[in-house]
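2 protein chains.
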Amino acid sequence: MAQKPSIPKGTRDFSPAEVAKRNYIFDTIKSEFKKFGFQPIETPSFENSDTLMGKYGDEGDRLIFKILNSGDFLRKADAKAYEEKDSLKLTSSISEKALRYDLTVPFARYVVQHQNEIDFPFKRYQIQPVWRADRPQKGRFREFYQCDADVVGSDSLWQEVEFVQLYDAVFNTLKLEGVTIKINNRKVLSGFAEVIGEKDKLIDFTVALDKLDKIGEDGVKKEMQEKGISESAIEKIQPIFGLSGSFSEKIEGIKSILETSETGKAGIEELEFIQNAIAEMPLKTAKLDLDVTLARGLNYYTGAILEVSAPENVKMGSIGGGGRYDDLTGIFGLKDMSGVGISFGLDRIYLVLEELGLFPDTVTENTKVLFINFGEKEALYAMKAVRQLRDSEVVAELYPDSAKMNKQMKYANRREIPFVVLAGEAEMDEAKYTLKNMKSGEQQKLSLEELTSAIR
Amino acid sequence: MAQKPSIPKGTRDFSPAEVAKRNYIFDTIKSEFKKFGFQPIETPSFENSDTLMGKYGDEGDRLIFKILNSGDFLRKADAKAYEEKDSLKLTSSISEKALRYDLTVPFARYVVQHQNEIDFPFKRYQIQPVWRADRPQKGRFREFYQCDADVVGSDSLWQEVEFVQLYDAVFNTLKLEGVTIKINNRKVLSGFAEVIGEKDKLIDFTVALDKLDKIGEDGVKKEMQEKGISESAIEKIQPIFGLSGSFSEKIEGIKSILETSETGKAGIEELEFIQNAIAEMPLKTAKLDLDVTLARGLNYYTGAILEVSAPENVKMGSIGGGGRYDDLTGIFGLKDMSGVGISFGLDRIYLVLEELGLFPDTVTENTKVLFINFGEKEALYAMKAVRQLRDSEVVAELYPDSAKMNKQMKYANRREIPFVVLAGEAEMDEAKYTLKNMKSGEQQKLSLEELTSAIR
Chain A
1 MAQKPSIPKG TRDFSPAEVA KRNYIFDTIK SEFKKFGFQP IETPSFENSD TLMGKYGDEG
61 DRLIFKILNS GDFLRKADAK AYEEKDSLKL TSSISEKALR YDLTVPFARY VVQHQNEIDF
121 PFKRYQIQPV WRADRPQKGR FREFYQCDAD VVGSDSLWQE VEFVQLYDAV FNTLKLEGVT
181 IKINNRKVLS GFAEVIGEKD KLIDFTVALD KLDKIGEDGV KKEMQEKGIS ESAIEKIQPI
241 FGLSGSFSEK IEGIKSILET SETGKAGIEE LEFIQNAIAE MPLKTAKLDL DVTLARGLNY
301 YTGAILEVSA PENVKMGSIG GGGRYDDLTG IFGLKDMSGV GISFGLDRIY LVLEELGLFP
361 DTVTENTKVL FINFGEKEAL YAMKAVRQLR DSEVVAELYP DSAKMNKQMK YANRREIPFV
421 VLAGEAEMDE AKYTLKNMKS GEQQKLSLEE LTSAIR
Chain B
1 MAQKPSIPKG TRDFSPAEVA KRNYIFDTIK SEFKKFGFQP IETPSFENSD TLMGKYGDEG
61 DRLIFKILNS GDFLRKADAK AYEEKDSLKL TSSISEKALR YDLTVPFARY VVQHQNEIDF
121 PFKRYQIQPV WRADRPQKGR FREFYQCDAD VVGSDSLWQE VEFVQLYDAV FNTLKLEGVT
181 IKINNRKVLS GFAEVIGEKD KLIDFTVALD KLDKIGEDGV KKEMQEKGIS ESAIEKIQPI
241 FGLSGSFSEK IEGIKSILET SETGKAGIEE LEFIQNAIAE MPLKTAKLDL DVTLARGLNY
301 YTGAILEVSA PENVKMGSIG GGGRYDDLTG IFGLKDMSGV GISFGLDRIY LVLEELGLFP
361 DTVTENTKVL FINFGEKEAL YAMKAVRQLR DSEVVAELYP DSAKMNKQMK YANRREIPFV
421 VLAGEAEMDE AKYTLKNMKS GEQQKLSLEE LTSAIR
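These protein sequences, in sequence, are chains A and B.
Quick note: the first sequence uses full-length UniProt numbering, first residue 1, plus one each step.
Quick note: the second sequence uses full-length UniProt numbering, first residue 1, plus one each step.
None of these hints come from the bench; they were simulated from the model.
Wrong hints could be hidden among the right ones.
[What the hints assert, rightly or not] Think about it this way: if two alpha-carbon atoms lie no more than 27 angstroms apart in a straight line, the pair counts; the simulated DSSO-like pairs of lysine-lysine are: (1) A:K201 with A:K55; (2) B:K436 with B:K404; (3) A:K284 with B:K227; (4) A:K407 with B:K34; (5) B:K76 with A:K34; (6) A:K222 with A:K201; (7) A:K250 with B:K227; (8) B:K34 with A:K34; (9) A:K34 with B:K407; (10) B:K436 with A:K80; (11) B:K9 with B:K439; (12) B:K335 with A:K404; (13) A:K21 with A:K201.
[Said to hold, decoys possible] Facing chain B, according to a computed beta carbon distance under 10 angstroms, are these residues of chain A, among others: (14) L68; (15) E96; (16) L99.
Glycine included, C-beta positions come from ideal geometry on N, C-alpha and C.
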């Protein structure tokens, strides 16, 4: 009967201390989301397979967890696929539901399904787990939370300004200094491809450019050439490899390249609007920087592209990202709905805060005072005090059994409970409580009222 | 390409107002859990199938959602089951993971897996969704939240006392009056079966007795007879059908029946301990009542059995339940770990609060003030104020586009935003803001400081 218990690879149990730290991040993000006027929605953990399949490319389809139909699922199995033992073809006939792969597609589905109840522009946030059948590795899990805020139904650039401010507000509240919010624009990237006469190679071009950090200028140029982009074309965008200085200086640097591209110039205009607004309303902690190599999921972004880097002294990839996609809900039949949004990488933010020691001590604080159990009569006396302390918002507990004193004190120590109350017959006679400070060892005999204020 | 979007039956989308109300309940429960010293844990949404299967009976096994293995899952399919097209037999060879069915089995698994990191007694709470492939019907969903608090590693009856107090504290904070916490004890039920000489018919006996509410005394007796319990046996427990009056009076009523049963008397003693402690520390809002017909999932409860009824004026089944099970972790190989716990029925509590109008208005409050957008220059002026308001914890928004005034005002109205700020060139020249109270229609021209305090 006994089984050695374990959990599926790529999933995690969270201990009380871990939950407390994760909640600290969630609560901070939520509180800023709310302050900026975003409203929470929640969608089901599983969607109809139709809703998810085909939205993330072939690789995505493969990584979606499918739920087996209930009951005699083979009754409806596709006969041909069954005969051929073709797993891929058989799937849709034995599985109708699948676990959420991200929060964006369910959000688009939600907007279309509830369009008549929604007041647009609709600013929603959503913090829920998603599941991916990815190969688990350090920092990559099969179940993890996404924290998304999006606006749908407005193409105003003030949204982009707000999202930059929102990132700044969250990381400022988390006391995480040195964060860089990198921004780019799909139109600028399109402009580059246009200017060098390689419009149809936009993806290859940007995929290569996106690697500048990792493989350097020569590596990028080599990859571009391998993809059939001529040396003379690459020559034309040479200045983008040498961009440096302030946001405005970089803008000047690309202006000359994009002179002949209307699309490119529109992208620059958008970037300047955002930069000017932020200059008028300086960020608190973060730095806004232009990074013309930034592409991310270029396939769907149509305007701004955002990515947040952790402070330079921490080795960690991006801790957030987002951008604008002009046709968010088109896949579900609702046209002309521009969406823009950002996401926070909970697991990475957790690791960064942990590494820098930025979790406040109070986050994992729990029980403030443990009452030692000396027997039934004393326990009742203690419980009456426990009850009053709880009513005064003090987390108090009675050790449930009248175990040996030593055992009870050890329990308080291991759980790092800062105060212990000893109340035996002597104390009961005086209507007092002996309070012991577990750090200093100091003891005081107090009335309940004095006890409450001493602990608080 | 366009699909009519929908969600799987038995699942739900939650709108901002619904999420806010649900969070109000979650937050209240969580805050009381914490005050009582419970610590949060979280477990993965899916477990290895081995962990879940066989723990909830055949019916439970059927209702567990199974996740299809990724990739070419048919490669490892059981050949015989495949040939016979036997869905039930095939399942375990093509599905290794399953969605959580409740929080108790994952908790037991967690305790055994992490026993060396845990300080016992361990008081944990867990608020996460569970999934059941049940036939959806009114108030029964395929995805729903459970809110559980359990203590493992102590058989002290003070835990039961605390759980009664915890129920009372939560419903008191929710301002839900008229709640009854019903209590019973498995040992009392065993005592009845023993006294009438039908020890081996304990389950049949209690299943019938549990229906007293629904089918009445005659119905219960009829069912007992059908199960082979003799008329003279039933005669011996006749007094339990006529129990009335206070908790103590009911206890007196069953004492005479259980005189000859040691088990029964032990059950009575436990009930009296709890009743006496509660009498010494009166509940705030709820009422504690003895209900000797209460059985619930009798199969695993070994001591106290608890169930909470909604106020009598609301037609709703139980809104919470729990009890003690002496061998919580035995299924995973850790013996002699007594557990006791309770659960809150989130969906039903929601319906009760909704029906009685007990959700505070502030729960669904959202954006406090909308700044009308008059164009780029005015918008920047507005955004500066918006930013300062947010820093003062006021939820403020700028309408993102300089749309027609009428459209912007309508938006504020539909979203029930209580204040609107109009700031055009005239206001900008004076460094002022015109604040409009959307309810009274009243308008005032204010400085930013005055504006902030007027809205707060």
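Exercise. So which of those numbered hints doesn't the model satisfy?
Worked result: 3, 5, 7, 10, 11, 13
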